[in-house]
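Q: Listed here are the chains, written in short residue letters.
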Amino acid sequence: MIPELGYGATVAALALALWGAFATATGGRTGRLDLLRSGERAAIAVWILITACIALMLYAFLTFDFSVRYVAFNTNRGTPFYYRVTALWGALEGSIILWSWMLSIYTLIVVVQYRRRQPELYPWVLSVMLGILAFFLLIMTVPAPPFERLQPIPPDGRGLNPLLEDSGMITHPVALYLGFTGFTVPYAFAMAALIVGRTGEEWITITRRWTIIAWYFLSLGLLIGGWWSYHVLGWGGYWAWDPVENSAFMPWLTATAFLHSVMIQERRRMLKLWNLSLIILTFGLTLFGTFLTRSGIIGSVHAFTQGAIGVFFLAFLALVLVGSFALLASRMERLRGQGELDSVVSRESAFLLNNLLLVAATFTVFFGTVFPLLSEAMRGVKVSVGAPFFNLVNIPIFLGLLFLMGVGPLIAWRRASADNLRRNFLKPVLAGIVAAAAFSLLGVGNAIVLIALGLVVFVAGTIVLDYVRAVRTRRRSGDGWGAATWGLLRRQNRRYGGFVVHLGILVIALGVAGSQAWSIETETTLAKGQSVELGGYRVRFDGLEASEESNHFKVTGAFTMTNGGRAPAMLHPARKFYPQEQTPIAAVDYRLGLMKDVYLVLGDFARDGSQATVKLKINWMVSWLWIGGLVLTLGGALAILPERRRLA
Amino acid sequence: MSRRGKFIAGGLVIVAAIAYLIWAGVSQSVVYFVTPTELLAAPVPSKTYRLGGLVMPGSLKWEPKSLDLSFTLSDGKSSVPVKHKGAPPDLFAEGRGAVVEGAWTRDGYFKASLILAKHSEEYKAPHDGADPGYKELMKSLRGEGR
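Residue numbers (our numbering), protein chains in the order written: chain A, 1 to 648; chain B, 1 to 146.
So that you can see chain A by itself, here it is in the shape it has in the complex:
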C-alpha cells in the first residue's frame, strides 16, 4: 500500500508544483491575483504532500515494510529505532525526499514572510522556487523513486551502511541539506529582481539575510562532517579534499565571497553584476555538487549509488546557468554601478581582493576535483590529484585571506590615509611580528605555521583594537564593560557577529596549522600486557572481549593509557563485524584534550586475543576546530538576528 500512496503523493506534488510555478509566473506578469493565489495554494499543497511522503516513509521504516525497496535496502530487523528514522536519508532516494521537503518548507516561509511585504518580487520568487521544487519532485518520480515496490517482499532487509550508525547521521546531513537548499531562496530573489527589473536595494537586503542563513547551516554541516570523519572513519583526520567534501566547500566559498562583496553594494552601489553572478554561481555549485556526488562519475569515500540521476542534474544545471546568465546579460544596462573605486588602499579594494581570492580558491577546488575527469576525457589517462595539490595551492590563498580578514573591517572606505593605516594597523602588525618571532624562538620551525601564527595574532589584534575602541565610546555614556559589550553585539550585531565569525575562523586556522604540523602516529603489534609509547603517552594492551549487538558482532580491545603521573585512562577501540559486510569496521576510541587528542584504532588481532595491531595517534589541536566551529556558528547566529536600529 505504501509504495502506491507514496508514488501518488509524489506525482500529485509534481503536478501541483508545475502548476504553481506557471500560475505564479503568469500572475506576476499579468497581475492576475486569482492565479497568484492559486499558485500559493499549490505551494502549500506541495508542502503537505511532501510531508505526507516523509510520514509514509517513516512509517514504512518503523514497521519494517520491506515491500518498499528503499526500506528493504537500508534497514533490517536489527537496525535500532533511531537509525531507522535517520535511514530515511541514509541513501540517495530518501535524501531527495528530505531535500524536497526542506525546499518546500523554505517555499512556505517565503509565502508567509513576503506575500504582503514584497508584492512585486513575490510572484516570481515563488515561481522560481516552485520550478526548482518541481525538478526535485521529477527526480523523485523518474530516475530515483523512493517508493519503488520490491517484489517479492524479502523476509528481512539488507541493513544500513554501518558507517551511518552514528549520532552525526542525525545532524550532519540535515544541516548540510538545510544549507544547500537554503541557497535557493537568495537565488530565487535574485532571479525575481532581474525579471521584474528592480535591482535596487530591498532584494539585496533579503538576499543577504537568506545567504547568511544558508551559509550558517552549510558551515555547521561542514563542521559536523569534519567531526564525523574524525571520530567515525578512524583515519585520524577531519578533511581529505574528497570530491564530496569539495562539492560542499565550493558553494561555501562563493557564498562567503558574496557576504563580503554585498557590503560594497550596500555602501557604494557597486558590484551589482558581480553579486548577482556570485548568487547564481553559489546556487549552480549546489546543483553541481549534487551532480558530482550523486552521478558516480567521481569516486569518493562517500561512494553513493550511481544512476541516471546524473544526466537530470547536468541538464538542469545547464538550464539554470544558461537561463540565469542570459537573464543577467539582458539586464546589463540596469546593473551598471553608480560608485567608482577611488584608491587602491581602501576597504573596497580589500573586499575586492578578498572576493578574488575566494573565487580563486573555489576555482582551484573545482579544478582539482574535476581534473581527473578532464584528463581522462581529453587524454585518456587516469590521474588523481589528491590532498598535496589542494594544500599546495590553497595554503597561500588562505593565508592571503587571513591577512585580508585583518585589513578589511578596519581600513577606511574610499581612500585610506596614512594616518588611518597607522592608527588601525601599527599595533596589530607589530603584535603579529612579535608573536611569530616569539614562537620561532620557542622552537616552532615550520615557516607556514609561523606565518599563520603571526597572521592570526595580527587579525586578533585588529579585532581587539576595534572592540576596545567601540566599548570605550559606549562607556562614555555610562555603561559598564559588560553592558557595553552586550550593547555592541545587540545593536551592531552584523558587524560584531562578523567579528565573532572571524574569531572562530582564527581558532580553526590555529587548529588546522597545529594539527598539520605536529600530529604524530605510530603503528605496532602488541602482545597482551605489552605497551607502546608515543609523545609521552604509554598505552598498554590488556586484552580483547567479544560481544553480540542487535545487528552486529563486536570485538572490543581494552587498553590502559598513562601519561606521566596522571591517573590512567581506559581506552576501548573496537572492530565491528556486520553480517552484510565482509570486512570489519573499526570503531576508534579517543581522549580529546585542548592541546592534544589521543586517538587509538584497533587493527588486526589474533583470534585468541593474545595480540593486537593498533594505530596510536597524538593529534595536536584538533579540538580547536570544534571550538572555533562553535564560535563561528554563534557569530553566524548573531549576524542573522534582525538589526536593531540605533535610537540615538
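There's no promise every hint is true.
Straight-line distance between alpha carbons at most 20 angstroms, and here's what the computed DMTMM-like set of lysine to aspartate or glutamate pairs gives [unchecked claim]:
#, chain 1, residue 1, chain 2, residue 2
1, A, Lys-528, A, Asp-466
2, B, Lys-6, A, Asp-466
3, B, Lys-85, A, Glu-523
4, B, Lys-83, B, Glu-101
5, B, Lys-6, A, Glu-340
6, A, Lys-528, B, Glu-101
7, B, Lys-65, A, Asp-342
8, B, Lys-65, A, Glu-533
9, B, Lys-85, A, Asp-542
10, A, Lys-427, A, Asp-466
Where chain A lies over chain B, by a calculated footprint (3+ residues, C-beta under 8 angstroms) [claimed, not checked]:
#, stretch
11, 14-22
12, 31-38
Since the hints were derived computationally from the structure, they do not count as laboratory data. Note that this is a predicted model, so its numbers are computed, not measured. For every residue, glycine included, the Cβ atom is placed at its ideal position computed from N, Cα and C.
Given chain A's structure and the hints, the job is docking chain B onto it.
A: Showing chain B alone in chain A's frame:
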C-alpha cells in the same frame, strides 16, 4: 597609470600568480592511475603511481609482528606483487578491489605507502557479494577514494 589601470594590472598579477600555483600544484602532485598491465609494460622505479586491481585470493600475507603486509594485485591479465608496512585497512580483503599508492622498486615489487579500499553505500547480501568479479571491480576503480 590611471586608477582603473592599476586595478586591472593588480588583478592580472594575482590571477597570473594563482594560475602559476595551480600549474605548479598539478605538475608536482599529479599521480597517474595504472592497471597492473600498464605498470608492467613500462615500470619507472620510484615514480609515484596509483595502482588498482583485485587482491588475488591466496596471495595475502600479513605478519603482525613486523607489520609486513604483502599481496598481489591483478587485473586479469597481469599481476603485480605489492608490499606495505601496516595492518590491512577496513574493507580490504582477498577477492576485493583495492587501489594502492606507491612506487615500483628495482627489486621487482610495488611498495605501497597507502592502501585505499572502496565500499558502496548499499550493502550487498553476503551470498551475492562474495565475488565482485572484474567488471564490478573496474567499475569501482574508475575513480578512487581517499
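Q: Determine which of the earlier numbered hints do not hold for this structure and return their numbers in increasing order.
A: 1, 2, 6, 7 and 9
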